[in-house]
Amino acid sequence: MTGEHTNSQTYPLTAAQASIWASQELHPDVPLYNMAFLYEFDGGINEDAFVSAFSSLVDEADALRTVFRDTGGEAEALVMPLDEFVLPVIDLSTAGDSERDADAWAQSRSTVMLDTSERTFDSALLRLGHDRYAWFLLQHHLCTDAWTFTVLFRRMEQLYLAATGSSVDAVELNPFARYVEFEAAERREAGHAAEKPSQAKQPAPLEIYGSRHRDTSTANERESVSLSERTSQQLDELAGSPGVRALTPNLSKFQIVATAMYAWLHRVSDQPSITIGLPVHNRTQPEFRTTAGLFMEVFPCTVDVAAEDTFASLHAKVRQASMETLRSARPGASTAAEARAVSTVFNFIQAEFGAFAGIDCRSTWVHPDHVDGVHQLRVQAHDFDATGRLRFDFDGSADTFDAGTRGSMPQHFLRIVDAMLTDWEAPIGSVDLLEDEERAVIDAAVNRSAPDVALADVVEQFARTAARAPSAPAVIDGDQTWSYQRLDDASRAVAANFQPGGVVGVALLRSAEAVATILGILRAGAAFVPIDPSWPRDRIRFVVEDAGCVTVVADGDMGVATTPFEELQSPSSRSDIRPDSSDLAYMLYTSGSTGVPKGVMIEHRSLAHYVSWASSFYDQGQRLTFPLFTPMTFDLTITSIFVPLVSGGAIRVYSESESQTDLVVLDVFNDDAVDIVKLTPSHLTLLPDHATKKRRIRRLIVGGENLTTATARGALAKLEDDALLHNEYGPTEATVGCIVHTFDSTFDRTDSVPIGKPIPGMRAYVLDDGGHRVPFGVPGELFLAGDGLARGYLGRDDLTLGRFIVPGHVAELRLYATGDRARVRRDGTIEYLGRHDDQVKVKGVRLELGEVEAALASHPQVSAAAASVWVKDPHSESDEVVYCSRCGLASDQPGVSYDEHRVCNLCRAYDTYQDRAEAYFKPEDELKAVLTSRRDGIADYDCISLLSGGKDSTYVLARLVDMGLRVLAFTLDNGYISDQAKANITGVVETLGVDHIFATTPAMNEIFVDSLQRHANVCQGCFKTIYTLSMQMAHERGIPFIVTGLSRGQFFETRLTEELFTELTVNADEIDVDVLEARKAYHRVDDAVRQFLDVSVFDDNEIFDEVQFVDFYRYVSVDLDDLYAYLEGRLPWKRPTDTGRSTNCLINDVGIYYHRKVRGYHNYALPYSWDVRMGHKTRSQALDELDDDIDIAEVSRILDEIGFPDDIGEHESGQRLVAYYVAPVDIPTPELRTHALEALPQQAVPSQFIRLETIPLTSNGKADRSALPEPEHQRPELGAAFVAPHTETERALAAIWEDVLGIGGIGVRDNFFDLGGDSIMAIQITARANRAGLAITLPGLLDALTIEQLARAIEGDDGTAEEKKPEAVEIPEISADEMSRLASLLQRRDGGS
Amino acid sequence: MEEQMIRFIDDVILGGSGHGISVDDEIVLNGTVDSLGVTRLLDFIEDSLGVAVPAEDVTIENFQSVGSICAYLRGRAEYSEQGAR
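Residue numbers (the working numbering), protein chains in the order written: chain A, 1 to 1393; chain B, 10001 to 10085.
So that you can see chain A by itself, here it is in the shape it has in the complex (with noise of 0.2 angstroms):
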């Protein structure tokens, strides 16, 4: 090292080195900030001169003798007064090709590692020929930036020529030292004003070609193309046009390429929103323009770019926004988190080099193959040797973007450049990304060709088949098995009665009739029409005479003319009909947008096609029996009936049940008897566990919405191993499915499972709104051609034409517009992405919600009204987070409000009666005396104390032993007990000098897995479990008492609530029995402590008065420093510090991260909160305790270890329909609900009505769903369907319960539970009933659980109101495990921890 350090001088990093120089120690052997030109001189060079004029460079600059030296944890700049650098002269000029030599060589040298502790620097001059040479210049991004280089290329020009003997205008460069002041007095300014509010709103990551940009490499590789010259004429002449030009013209061209940029960036990312960032020189004063360093900062620049804009339009965006950024950017003023949000960055970069000393000079900046892993592409535009001509590199994440993506990304922008410059006015749109080659590149990829056979229509295909093997089983339905000879007979009869060309409604229950009644109408020649029996009646009316039909088979009596099948069994038969390909089949009716259900009509082509197709791929010759249990309206259940049928496989019929609820999958999966299955992803999540081995299902067609791929690992998981799974994307349109993925379990890593290829005969092509073929990897939405197309909607050509399109683009006849989002990836396989358009599905079930809107705006009240379907995206941060200023709870807590102080309501309200609730505590000397009043001489101990090894238990068992009592410590070993933890118990138990008992189930992980599967924690299984094995302990041993260590902060949060101390005249003794009546109920749950332990003690309630739990700290009060300082001078016990938080469980992160994931908020957040009240934490210590770094990896072990399964994606798809109304006041959910249900089927009724101002606009005037505001706390999705509140005492609870569980739209049937309720609201509940004068008890509300058997307790049987005690009523056994919901009366941790 050089130079003497007394002389130099430092100062510390300005705000960009301070984020460079982060983001290269996280990459500290990757050279991504070298930044390195390489300019080739077309003639003879004076080496001598050259060497020498470069060391009076390095004198000069203080950008070159800059190192940077850490200290201790920061970073300072260290200027050298001296470097004794020489250039080196390094000689290519023997090698072969020497230009190409000096490019290879300056790329290979801009990788090498700079140490900036060191140098900041390399150079070399090159020896090309004797008249060509190079000069190599690598800088650390710390000391330079793009316009650094021509600072120095300059300065080195004028040194050079002086040496040369030139006499030339010596202007020095100024030293970087005075920006560096200057930056850190802007810095303060701003600190000072602090007045701009700065860019609160996180950019939405930029995903463009469909590839999420991970920040996982540095490695990167370049792309670049030149404008042409036609093309860089057309940009000047723009950029001086009117109306276009600005402030000057290298402001105007950035103006104008940014346009590109942004519309290129829209395109292929299909996001409306666009953040790039814009490096921004900060040479502000004259002097920093002669000065070499790092002034440059990027700033984020975020667009809005409207599907419709034209490059004009767009082009005025660009400019007021690019203003805004260059306005607010300030030295100093970027911020890493800003930086490191914006992925993709545009770099005008205005230097120009020139010739150098008279010589014409190439200057090229070399891309060390690195930049930082933060960004995806970094696009620089520049003119290095004022060609006129603008170059483009494209520097795209090597990680993120295949060759073929980086390759194919300066072509289509390109494309769009062109398009640009041709036509101003022409919309962004309009121009096509792709050239034939590409488009037919992708076509190849994704389409197949199918060979053009005639295919028989499915009667003749099932005449066949019956001919074959007349006696083989064809449908069983319940103990009859229709062979194919009775199923021919029959149909054939049924056909005797229609006419060829006639159309039949069909409403038969799912049977053995219902199949013969299709088959039957087919053979007549006829179409048939699915009628669901179950619809209201006026829709089943609307399609009867829209689709004309002659008569409907059906049972009953549905308020149109039908038939029963059994009429249709005259013994006259008559030969089939032989339809033509293009007659009718049947029809479907969907929804429609305008609310009226539209029929697709499908022909016996598309019917035939997909049949053949099906029973060829999914039977492969095997005669499989399908179960018939999907409703016939579904085109899903098509692939049930005719797939068997002319395969010679059999139905199995599954009927409608009862219920309203539909699950008769269930019986499906239990009985077992079928080998093929096709059903949607929500019936997939109902299959059960391997309950025999050797199941008989072996293959699984999914279809009619989404697949995850964890809903489809899951399903796999519960079958044979060599069982499969197929994914069919289909619409009613184009006939059942005719796009296909079999799932593969090891290459299947996408959220959704893909939808793949199209069948044979069908062919699907991807397309942006303006109709072109989008890039590979880029969304758009999916239209499908071919074989498998229906004719239309019946009657309703403006509809066909605005769905079957005869396209201009695409060599096909029609093109049906799915309204499906989809990309295609490289390998032709296609992605599903959601609902194109207003079309949606929620469970299943396809409505559009204009239809949704519709019946809801026919409420006389109801103005105005939208619909719109909410996924719960559990990995979005909710939108801003807040924490009581007393207690730190967070307001992603549920049911928590604040005060204009920002005090939360538990606080607020515990301040009413936190004297009062006093009188629950007891004095210690009161302990002593309870825990010896049992001696009666036969056990062996007073008590058994709870002992986790936390500071509060063992605590309590110290003070217990010091009392004199005869203590039985009980740990329960869980497997994830710390090290440190266990030491500490043993260490205890072994001063005091008591017996310990370290108690072990074999069932801990199926106990665990249970607890996370109800209650999101593993905590709540863990304290049953404490709670069962130290109950039946106490009952072996005769022991009366088990003391718990329940803090007072607990005991606040599960059952001290405001109203004990203010609507109800509670004394501690009435608690008590509450508390008792809930821990019966609690342990008579049917979860995994009681399945896999021995809970015969509970059988009998006696055991409640043979030991009974008594909680320490409501007789003791101590301050947490007297209580460590006692532990410190009694103890061998040590706070455990590798669990990382106190606690001493490794497996509490995993229920922590569990609960956050599914539920969205802290499960200790509450306790702390209590905590913090009850003064044994400060707020801060809260939150830090609060504020996890949960290892996810270990999470991920842990959950695999205890075989949690993997079903994270299933809480992840909760979708509801949410509908917003406007009306001049609240109209009640139970009447919207009854309005929507006359127009309605029962899936497309709203779950949520909320009232609103008006109905958010887009700028075009249309209802803007996506500003619709977000729905909380309403009732949720529950599995019972909704029952309206009908007498008067119903509805008053149900407004108590509304009120008190601050959701809306309660049935009268919804668990207490599901609705999210606990023990302090089944208190609160009880307070205010009784307060209305209704007499109900807290137990009473537990035992029914549900509004109408509460009302019913209340009301008496015959439904008069009197006073009667609840507890008299009957209450059906509690066998709900939602009850043991209540745990949370209990501990919910132990108080050790």
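Some hints could be false.
[Unchecked claim] Just a few of them, taken from the derived set where beta-carbon distance is under 7 angstroms, the chain A residues facing chain B: (1) G43; (2) L247; (3) T248; (4) L251; (5) T284; (6) R319; (7) Q320; (8) M323; (9) L326; (10) R327.
Hints in this document: simulated from the structure, not taken from any laboratory. Glycine included, every Cβ here is placed at the ideal spot set by N, Cα and C.
Position chain B relative to chain A; hints supplied.
Just chain B now, kept in the frame of chain A:
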């Protein structure tokens, strides 16, 4: 207004190194003030004169010299006075 603006350009944008620019001197095209400098000037105009300048008005016609900037601003002020009446 002209004086005020010349002082600002001299002192702040040119950091005191201005050689006494005059009202009609080219300040943008000759590189005295670049686009980043203009944004400083816009801040100054908005802060001291209370006139907001929309992006589409930041043109070479309006900003080529101190004189043209002031003429533009007078036009704006007049316009808004009329509008207020």
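Hints, one by one, checked against the model:
Because the smallest distance between the Cβ of A:G43 and any Cβ of chain B comes to about 29 angstroms, over 7 angstroms, the interface hint for this residue is violated. A distance limit of 7 angstroms between C-beta atoms decides the matter here; for A:L247 the minimum to chain B is near 5 angstroms, and the interface restraint holds. Below 7 angstroms, beta-carbon pairs count as interface contacts, and A:T248 has one with chain B at about 6 angstroms; its hint therefore holds. Taken as an interface hint, A:L251 checks out: its beta carbon lies about 5 angstroms from the nearest beta carbon of chain B, inside 7 angstroms.
Proximity of A:T284 to chain B holds as hinted, the smallest CB-CB distance being about 6 angstroms (cut-off 7 angstroms). Of the supplied interface hints, the one on A:R319 holds, with its beta-carbon coming within about 5 angstroms of a beta-carbon of chain B, less than 7 angstroms. Against a cut-off of 7 angstroms between C-beta atoms, the interface hint on A:Q320 holds, since the closest Cβ of chain B lies about 4 angstroms away. Interface hint at A:M323: satisfied, since its Cβ lies 4 angstroms from the closest Cβ of chain B, which is below the 7 angstroms cut-off.
For A:L326, the interface hint holds, the least distance from its beta-carbon to any beta-carbon of chain B being 5 angstroms, beneath 7 angstroms. With its C-beta approaching chain B no nearer than about 4 angstroms, A:R327 sits inside the 7 angstroms limit, and its interface hint holds.
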